[in-house]
Amino acid sequence: MCKNSSSQTHPPTMTDPEANLHAPLILISPGQERSHRPLLVSLAIKEANSIARIALPVIMTGLLLYCRSMISMLFLGRLGNLSLAGGSLALGFANITGYSVLSGLSTGMEPICGQAFGAGRHSLVGLTLQRTILLLLFTSLPISLLWLNMNKILLFFGQDEDIATQAQLYLIYSLPDLFAQSLLHPLRIYLRTQSMTLPLTFCAALAIIFHTPINYLLVIRLNLGIRGVALSGVWTNFNIVISLVVYILISGVYKKTWAIPSLMECLKGSKSLVNLAIPSCISVCLEWWWYEIMILLCGVLHNPRATVSSMGILIQTTSLVYIFPSSLSFSVSTRVGNELGAIRPEKAKLSAMVGFVYSFVLGFSALFFAIMVRKKWATLFSNDEEIIALTSAVLPIIGLCEMGNCPQTTGCGILRGTARPKIGANINLCCFYFVGMPAAVWMGFFAGFGFEGLWLGLLAAQGACAVAMVVVLGRTDWEVEAKRAKELTGGGGDVGDIKDFQDDELLKSDCISESSLNSSNHLADANQTFV
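Residue numbers (our numbering): 2 to 532.
A couple of the hints might just be wrong.
BS3-like, lysine-lysine: derived pairs with alpha carbons at most 30 Å apart [as the list claims (entries may be wrong)]:
1. 47 to 376
2. 272 to 256
3. 423 to 484
4. 423 to 153
5. 423 to 487
6. 47 to 377
7. 47 to 269
8. 269 to 256
9. 47 to 257
10. 272 to 47
11. 269 to 153
12. 484 to 47
13. 423 to 269
14. 269 to 257
Hints in this document: simulated from the structure, not taken from any laboratory.
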């Protein structure tokens with residue numbers, strides 16, 4: 002039931018946006034509701050375009066970086082089975098102990114930067130970038146010590162000595178990559194939260210062009226072997242970092258956001274960053290680590306050579322497919338954060354809803370892709386009939402997993418945009434390890450499903466995650482989230498754009514003021530011209 006919020010009767014003016022909040026309220030008639038549908042559709046289309054403009058370059062960047070990984074694996078394969086096994090083991094260890102941690106911690110800056118940029122607090126964006134770089138560099142120190150002692154750790158767990166030695170060699174020469182990643186992750190988020198994603202694609206493309214020649218020089222010409230593959234990866238990442246820094250300096254992006262604070266100022270305000278970074282890191286790591294655990298479980302199934310090989314192919318496949326929902330997640334996180342920072346909660350809600358629609362489209366597309374290529378995909382990687390059969394049987398299950406993974410990943414992005422990564426971490430913990438893991442072990446080892454059972458466990462986890470995300474986001478109070486964003490960014494976010502303000506008010510409820518209806522009709526004409 003709608004009630005009058007005030008006894009005021011004078012019509013609101015465009016110079017007084019607060020007036021619409023106090024005007025007499027009436028219920029929208031069916032005719033009036035229909036007249037506003039084109040405007041709501043217009044706003045949704047406009048939001049869909051905004052999300053796509055951010056996401057498409059991120060997708061291209063992800064595909065380029067995926068190509069880089071494949072090139073490195075090809076050069077490892079040329080060195081022989083021992084180098085390939087050692088490099089693969091090293092990469093798995095590096096993902097678990099290093100790259101997942103740095104990637105997860107860096108996402109803690111995403112809600113702060115996104116909301117601060119939306120609130121017009123540009124100096125906080127630059128300050129958060131510096132704090133995050135310091136946090137990642139500090140975290141890299143214990144990771145480096147762990148990598149230096151990897152050989153002892155692997156031998157303790159019974160790994161082959163020759164393979165462990167090769168893996169140790171690879172990681173030693175990858176140590177500078179921790180420094181590169183400590184710069185690269187924050188720089189990418191710094192630009193992305195300002196909706197600048199096309200430069201990331203150009204910088205990645207430039208670096209990838211030189212990746213193959215660098216590998217050829219170090220691995221073949223200088224005969225550095227596995228050390229050359231590791232160094233080429235480091236070299237390429239530094240090329241991306243340098244090109245991003247050059248772009249930031251030449252374009253002048255830094256001018257509004259950059260300040261040189263004292264070390265004490267950086268440390269003093271880092272509590273909010275750490276509070277967001279730790280649960281973000283846990284959420285990312287829980288998902289990354291699942292796949293490494295699946296590889297270990299494959300090793301104790303019947304015919305481990307075939308199951309582990311098939312698992313490797315399928316993980317490469319899921320990594321390729323994951324580029325699309327993760328890019329959407331980053332884009333939606335940026336849009337939600339920007340709108341909350343600007344105190345436009347209903348537009349933030351619209352961003353989340355449009356993002357979810359995109360995620361279901363991606364999920365259906367992934368399922369269609371998996372079904373269509375299931376008989377041919379494995380032949381690109383292996384000629385072994387058993388490996389091909391296992392891979393073909395599981396690909397449709399992976400397609401179903403993506404039906405849950407795409408909304409789940411997008412939901413995690415929305416939670417990051419609202420500065421609630423702890424909820425995402427709790428959902429991942431419960432769904433992956435309390436639902437998915439028991440289901441995978443039971444179906445894989447006790448119910449007779451074998452290799453397929455492990456992936457059915459993942460399907461259970463992804464389905465539970467998707468349902469949990471829908472419930473959590475469906476119960477989100479966007480007005481409260483806007484207030485939290487104002488607190489996080491230090492009280493910014495005054496609405497200075499009447500058009501955006503009225504767009505938000507139109508989305509707010511089915512109770513609006515009579516005078517708001519009149520002004521919204523004029524706004525609809527303006528929007529039709531814009532779109």
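Violated hints - listed by number, lowest first: As far as the earlier hints go, 1, 4, 6, 7, 10, 11 are violated by this structure, in ascending order.
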